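Sequences and hints are given; from them, build the entire structure.
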Amino acid sequence: MPLLEIKKAKLKLDNKDILKGLSLSVSSGEVHAIMGPNGSGKSTLSYMLAGRDGYELESGEVFLQGQALSDMEADERARSGLFLAFQYPVELPGVGGMSFLREAVNSRRKFLGEGELDHLAFVKEARKVASKMFVKDDMLKRAVNVGFSGGEKKRFEILQMAMLKPKVSILDETDSGLDVDALKIVSDGVNAQRNDENAIVVITHYQRLLDYIVPDFVHILSDGRIIKSGGPELALEVEKNGYAGLINAA
Amino acid sequence: MVATQETIDKVKEVSSTYKYGFVTDLEAEKAPLGLSEDIVKFISHKKKEPKWLLEWRLKAYKKWLSMEAPNWAMVDFPEINFQDIYYYSAPKTKPKLNSLDEVDPELLRTYEKLGIPIKEQQVLAGVAVDYVFDSVSVATTFREKLAKEGIIFCPISEAVQSHPDLVKKYIGSVIPISDNYYAALNSAVFTDGSFVYIPKGVKCPMELSTYFRINEQNSGQFERTLIIAEDNTYVSYLEGCTAPQRDENQLHAAVVELVAMNNAEIKYSTVQNWYPGDKDGRGGIYNFVTKRGNCLGKKSKISWTQVETGSAITWKYPSCVLKGDDSVGEFYSVAVANNAQQADTGTKMIHIGKNTKSTIISKGISAGKAQNTYRGQVQIQKNAKGSRNFTQCDSLLIGDKCGAHTVPYINQFTPHARVEHEATTSKISEDQLFYCLQRGLDTEQATSLIVNGFCKEVMKELPMEFAVEAQKLIGISLEGSVG
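Top line first, the protein sequences correspond to chains A and B. Just so we're aligned, residue 29 is where the first sequence starts under the numbering used here, counting upward by one. Just so we're aligned, residue 857 is where the second sequence starts under the numbering used here, counting upward by one.
FYI, nobody ran anything at the bench for these hints, they're computed from the structure. Since we're looking at a predicted model, the values are computed, not measured. Relax, there's no trap hidden among the hints.
Label pairs and their in silico Cβ distance ranges:
{"no.": "1", "chain 1": "A", "residue 1": "Asn276", "chain 2": "B", "residue 2": "Glu1313", "range": "54 to 64 angstroms"}
{"no.": "2", "chain 1": "A", "residue 1": "Gly67", "chain 2": "B", "residue 2": "Asp1287", "range": "14 to 24 angstroms"}
{"no.": "3", "chain 1": "A", "residue 1": "Phe139", "chain 2": "B", "residue 2": "Ala1279", "range": "37 to 47 angstroms"}
{"no.": "4", "chain 1": "B", "residue 1": "Lys1004", "chain 2": "A", "residue 2": "Gly178", "range": "54 to 64 angstroms"}
{"no.": "5", "chain 1": "B", "residue 1": "Gly1259", "chain 2": "A", "residue 2": "Glu89", "range": "41 to 51 angstroms"}
{"no.": "6", "chain 1": "A", "residue 1": "Asp224", "chain 2": "B", "residue 2": "Ala1279", "range": "47 to 57 angstroms"}
{"no.": "7", "chain 1": "A", "residue 1": "Asp42", "chain 2": "B", "residue 2": "Asp1287", "range": "15 to 25 angstroms"}
{"no.": "8", "chain 1": "A", "residue 1": "Glu153", "chain 2": "B", "residue 2": "Lys1283", "range": "33 to 43 angstroms"}
{"no.": "9", "chain 1": "A", "residue 1": "Ile275", "chain 2": "B", "residue 2": "Glu1313", "range": "49 to 59 angstroms"}
{"no.": "10", "chain 1": "A", "residue 1": "Asp239", "chain 2": "B", "residue 2": "Ala1279", "range": "46 to 56 angstroms"}
Calculated cross-link-like contacts (lysine-lysine; reagent style BS3-like; alpha-carbon spacing at most 25 angstroms):
{"no.": "11", "chain 1": "B", "residue 1": "Lys1283", "chain 2": "B", "residue 2": "Lys1257"}
{"no.": "12", "chain 1": "A", "residue 1": "Lys164", "chain 2": "B", "residue 2": "Lys1312"}
{"no.": "13", "chain 1": "B", "residue 1": "Lys1316", "chain 2": "A", "residue 2": "Lys164"}
{"no.": "14", "chain 1": "B", "residue 1": "Lys1328", "chain 2": "A", "residue 2": "Lys169"}
{"no.": "15", "chain 1": "B", "residue 1": "Lys1316", "chain 2": "A", "residue 2": "Lys169"}
{"no.": "16", "chain 1": "B", "residue 1": "Lys1283", "chain 2": "A", "residue 2": "Lys169"}
{"no.": "17", "chain 1": "A", "residue 1": "Lys156", "chain 2": "A", "residue 2": "Lys195"}
The beta carbon of each residue, even a glycine, is placed where N, CA and C say it ideally should be.
Quick look at the structure:
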C-alpha cells in the first residue's frame, strides 16, 4: 500500500480549474520531486493535501496510508503523519518556539498512543534535534518565525519535521529565499530524515534543490496535471531546456 | 504547597457563592429587601461598628441618593432596581455535597480543563472530603509568620475593631465617598473585604491572597479592600480565581484602595472570572468596580495586573495617582469578552509629582458579539515636570460580529513631559490558524496559543502560580469562538 496516493484529483479555485485530474502514488522510502512552472498548481497541491479551508477536491480522492483524506480535517491529517513545510512560514507573535513545538509534538504523540512528553524530556529532545539543524537554543525561545531570517524560517520548518516524525512530508518551495549555505543545511536536515518508513514530496520550481535532496522520482506538473514522470535525470532536462520544451512535447 | 493554597482560595470563593446543585437550607439572616437609611444602620449595627463609621456610611448614603448612575461607558443593560437587592446577609455555613456526582457537570468540565486534580475538585466544589491538610492550621502558621513581621492581614470588619485608627485614617482617603455612584453605594453598604497593613521596612514574605484572611466571611457583593504600605515596603496581593464563580447577586460594586508611602511597592493582581451569563448574556454578573492607588511617597510604585474573562458587564478602571516625586504606576490588563459580554475597562494615570512614570499595556480580545472598550486617561499636571507615560493598547478580534474600541484621554498641562500612545487592532489570521492546524493542534488549542501569545506581555506580570491557570482560562473563555 502506498503511503500517499492521489487519484484523479480535480480542484477549482474561484471557479477556475486548477488541478485537472492529478494522480500520484508515493511509497515508503521514496522521495518524489514535483517540478513545474509558476501557476501550474504546485502550491494548490500542497494546500489541498494539507486540508486548508477552501481547497477541497471537486472530485477524485487522496489516501494517506490507505485512509481517505476527504474525511479528515487539517489537524487530523497532521496528527496522522502528514507534514507540510511552508513556503512562507507564518509568524505567531508572542508564541514561544519551544511551547509551540511541544504542543505540536504532544498532539502527534497522543495520536500515536505514545503519551505526552514532560517538559524536561521535551526540551532535551528539542535541543538535540536543534543542534543537528544548527538551530540555536535562542531561536527556540523566540516567538515562532517572528523576526526570523529566510534561512532561519526554513530551518525551523525542518526542525519541526524532525520532531514530528511524519509519514509523508511535503516540502513546498523549501529552497526559496535560501542562499547556498542555508540550502545545504536545510537539505542535510531533510536527508537525515529519509528512511524506509517515510516518504518525502519535494515541490520546487528549480532543479537546484534536487542537487542536495536527490529524488527517486521526478514529475513535471503543468496546467494541473502531471505530464511527465521519470528519474533524477528529468530534473536536469528541465534545467537544460526549461519547462517549455517538455510542455510542448506533452 | 503553593498550588494547594491557591486551590483552597478557590474553594472558599466558589463554594460560598456557587448556587447550583446545593440543597438550599442556608440559614441566611438577611436584612429586609431594599436600601434605606435603616438598612445602612442595620448593617453597621450587625457589625458592631463604631459611631464614626456609621456616620461615614450615612454620609455616603445621602451622597449616593443625590447622584446619578454613570452612563458614559460603552455598555448597555437594563436599569438596576436598587430596592430589589438584599444588602446584608449573615455569613453562611458552607453547604456540603456527598459526592462529585451532585456537582454541576459544566463546572466539573471546566475544572478538568484547568487541570485541577479530582481531590482538589471535590474540595473546590464543596464536597465533603477529608482535607489534604488541616487548612486552619496552615492559615494559622502563615498568620503567625505575618504577625512576626508586624503585618496585619485580616477582614476589614475585624480591622475596624482591632485597628480603628488605621482604618479611620485611610478609608475613603483614596476614593472619597463622592467619587462616583458605585463607590458611594459601596461606602454606604460594604459588608467586608481585606485589610492589609505593611509596617515600615517590611517586605511581605509571601503573596497575600484572600484565603489567608482567617475567619473569612462572605464578603458579598459590596467588597471593600484597603492596603497600606508604609516606607520601604513591598507587598504582592492576589484576588480572584480562575475557576468560574457564580453568585446569586447580579450587581457587584467593590472598592479597592491602595496607599504607598516612600519607596513602597504594591503589586495587585486580579483574575476575574465571574459568571458571564448565557450566550445572550442573561444572568451574568455586573462588575462595577472602583480601584485606585495613591503613590503618596517618593519613589513609590503601584502596579495593577488584571486578567478579566468573566462577568456580563465589566466597568473597571484601576488607577494610580502619582503624587510622590519619582513614583511609578503600572497597568497591565487582559480583557476577554466573548458572546454577549461587554467590557469597558482601562485605567487612569494622574501624574502630579515630578519625574513620575506610568506604563499602560492593555490587551483586549473580543469574540462572538462582544464589545470590548479600552478607556484610559493620562493626565500630566502642571508640576509633573519630567514625567513620562507609555501606553500600548492592542485589540484582537475573533470573528466579524464583535467590536473593539479604544478611547484614550490625554491631558498634558506641562510641556516638560512625554506621553506616548500606541494602538493596534488585529485579527487572528486564517494563515496563523492553518499553520497551527497543520502542526496537529486543534482549533481551540490554536486559538488559545495565538491569543496567549498576544497577551504575553501582560501574563508575564502575573505571579507564576496564577499565570499558568490564567493562560488556560483564556483559552476556555474563547471556546467555540473560532471555526
